[in-house]
Amino acid sequence: MGSFHLTKMSLRNLFKKPATKMYPVIAPTFTPMTKGHVVNDIEVCILCGICEKKCPSLAITVDKPAETWIIDPFACIQCYSCIRTCPKDCLTMLPQYTGASTEKCSRSITKPELSPEDKAAQEIAAREKEARIAAAKAAKAAKDELANKE
Amino acid sequence: MGQRTVIPFGPQHPVLPEPVHLDLIIEDEKVIEAIPQLGFVHRGLEKLVQKKDYTAFVAVTERICGICSFGHSLGYSQTIEVLMSIEVPRRAEFLRVIWHELSRVHSHLLWLGLLADGFGYENLFMQCWRLRERVLDIFEATTGGRVILSACNVGGVNQDIFDEDLRGIVRVLDGMRGEFGELSKTFFRDRSVQNRLGGVGYLSKEEAQDLCIVGPFARASGVEEDIRSYGYGGYSALASFEPITSKRGDGYARCEVRAREVLQSMDIIAELVDKIPDTPLMTSVKGAPGADSIAVSRLEQPRGECFYYAKGNGTKYLERFRIRTPTSQNIAGMTKTLQGCDLADVPLNVLTIDPCISCTER
Ligand code: SF4
Ligand code: SF4
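Chain order of the listed sequences is A and B. Residues in the first sequence are numbered from 73 upward in steps of one, following our numbering. Residues in the second sequence are numbered from 141 upward in steps of one, following our numbering.
Any given hint might turn out to be false.
As the list claims (entries may be wrong) - Reference listing, derived: stretches of chain B covered by chain A, where coverage requires no fewer than 3 residues with Cβ under 8 Å from a Cβ of chain A: (1) 259 to 270; (2) 283 to 293; (3) 330 to 336.
Think of the hints as simulated: they come from the structure by calculation, not from any bench. Note that the structure is predicted; figures quoted are calculated from it, not measured. Beta carbons: idealized from backbone N, C-alpha and C, even for Gly.
Construct the entire structure; sequences and hints are all you get.
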C-alpha cells in the first residue's frame with residue numbers, strides 16, 4: 073500500500089523528449105515496411121489483370137484495350153495481395169499514405185506512346201517471333217510427314 | 141423499500157469505447173438487474189463469406205476488431221487449414237505466435253490504460269498508452285501496419301522477421317519490462333487503485349463456470365482455463381505454460397491477471413525467438429474446401445477463448461463461417477456482477493470485463 077508510486081516516472085518524463093509529435097508541422101516517420109500506397113511500373117506491366125482479380129476490395133481496374141491500369145487509392149486496404157500475385161513484379165508498396173483529398177478519385181496510368189524507333193523495334197521483334205513460330209511449325213510438319221512415311 | 145427506476149447506460153458513455161446499451165433497474169442506488177442490448181455495430185461480416193473467396197476473406201476477418209485483428213486472421217486461417225488439411229510450416233507457426241502475443245501485450249496495455257482512465261488516474265492512463273506505442277512500432281517495422289497487420293494468411297504468413305530483428309524485438313520488450321514494472325507497482329500497491337477496485341464486481345468460481353465465462357475474466361475468479369495450455373501451433377514448443385489465475389474474483393484480480401499476462405507474453409516471445417526454426421513461410425494452397433466439410437478451431441484471444449466454425453461447399457466460397465467471441469460469453473458474467481452493485485460502480489464493472497463489442501457483433 074501507499075501512494076505516489078508513479079512520481080519517479082513522472083519526474084523523469086519532465087526531462088525527456090515528448091512522446092508525441094506536433095503533426096502536421098513535424099512529418100511522421102515511416103519504416104521501410106510501412107504500407108502507404110501501391111504504385112505500378114506501367115512499362116513493365118503486361119495488363120494481364122491478375123491483380124484486378126486478386127484484389128479483395130476491388131480497388132484495381134485493368135483496361136486492356138485502352139492500355140490503362142487504374143487504382144482507387146481510397147478503396148485500397150494495403151493487403152499486398154496484388155503485389156504478391158503480379159507475374160511481372162511491377163507493383164510496389166511505398167510508405168507514404170495517400171494524401172487528403174476533397175473527392176474520392178481514382179488514379180490511372182496509361183502505357184506511354186512508343187517512340188518511332190521503339191515501335192519499329194517492336195514490329196521487327198513481332199515479325200521475328202512470327203517467323204520463328206512458322207519455322208517451328210514447318211519443321212514439326214516435316215517431321216510428322218517423315219514419321220508417317222516410315 | 142425504495143422505488144424502482146430504470147436508468148439507461150450507453151450506447152454512448154465515457155467508459156465505453158464501443159457501443160453497448162444497458163437498462164439498469166435501480167433501487168436505492170443499487171442495481172437490481174441489468175438488461176443488455178446489443179446490435180449497434182453489426183456489419184454482417186459472417187454473411188460476406190459467401191461473396192469473397194476464402195483466401196481474400198482473411199482481409200475481412202482482420203477488420204472484425206481493431207485490437208485483436210491479428211488474432212482473428214490467425215483464427216480464420218487456422219480453421220481453413222483444418223478444413224483443407226493444410227500443413228503450416230513451423231517457422232510460420234512461431235511467427236504467428238510472436239505477433240499474437242505482441243497483440244496481447246498491446247491489448248492488455250490498452251485495457252490497463254482505459255481502466256486507469258475509468259477511475260480517473262489520467263497520468264497512469266497516459267503512461268500505459270505510451271508504453272503500448274512501442275509494440276505498435278514493432279508491428280509497423282515488421283509488417284508495415286500498426287493496427288491491421290495483413291501478416292497472416294491461409295497456409296502460413298506473408299512476411300518473415302529476420303533473426304536479428306527478432307532479437308531486436310526481445311530487446312525492446314526487455315526495455316519495456318522496467319517501466320511496466322513501475323506501472324504495475326502502481327496498479328498493485330497504490331492505495332487509491334486498491335480502494336477503487338477491491339471488491340468491485342465480485343464473481344465466484346462457481347458462477348464463472350456456470351456462465352461459461354472465458355479469458356482473464358474467468359481466470360481472475362480462479363478458473364484455470366487457457367486455450368494456450370493445449371499447445372496449439374507454436375505454443376507446443378513452449379517448455380511449460382501455466383495459466384495465470386487469481387482467487388479474489390473482483391476487479392482488482394482482473395487487473396492483476398492482465399498485468400501479469402503482459403509479462404508472461406513477453407516471456408513466451410523471448411522463448412520462441414530462441415527456438416525459432418528456419419523453414420519456409422508459406423505452404424501453397426490449391427483447390428477449394430470440400431463440399432460439406434466442416435472444421436472448428438479455438439484460439440486464446442487477449443479477451444479469452446474464441447471459437448471458429450467453417451463449412452465448405454466445394455467452391456471457393458464458404459457456405460458458413462461463424463465466430464463465437466469471448467465478449468459474447470462474458471456479457472452474461474458482466475450482468476451478473478452488476479446485480480447488487482452501486483450505481484457509481486457500474487462503469488468500472490463494465491470496464492473490468494474488457495468488453496469488445498465490435499468482435500461480438502461482427
Ligand atoms: S498483375 Fe502485374 S502485370 Fe498483371 S495487370 Fe496487374 S500489375 Fe500488370
Ligand atoms: S494492396 Fe490489396 S487492396 Fe490494395 S490494390 Fe493491392 S490487392 Fe487491392
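Cross-check of the supplied hints:
no.	hint	result
1	259 to 270	holds (count 4)
2	283 to 293	holds (count 5)
3	330 to 336	holds (count 4)
Hint compliance for this structure: no hint is broken.
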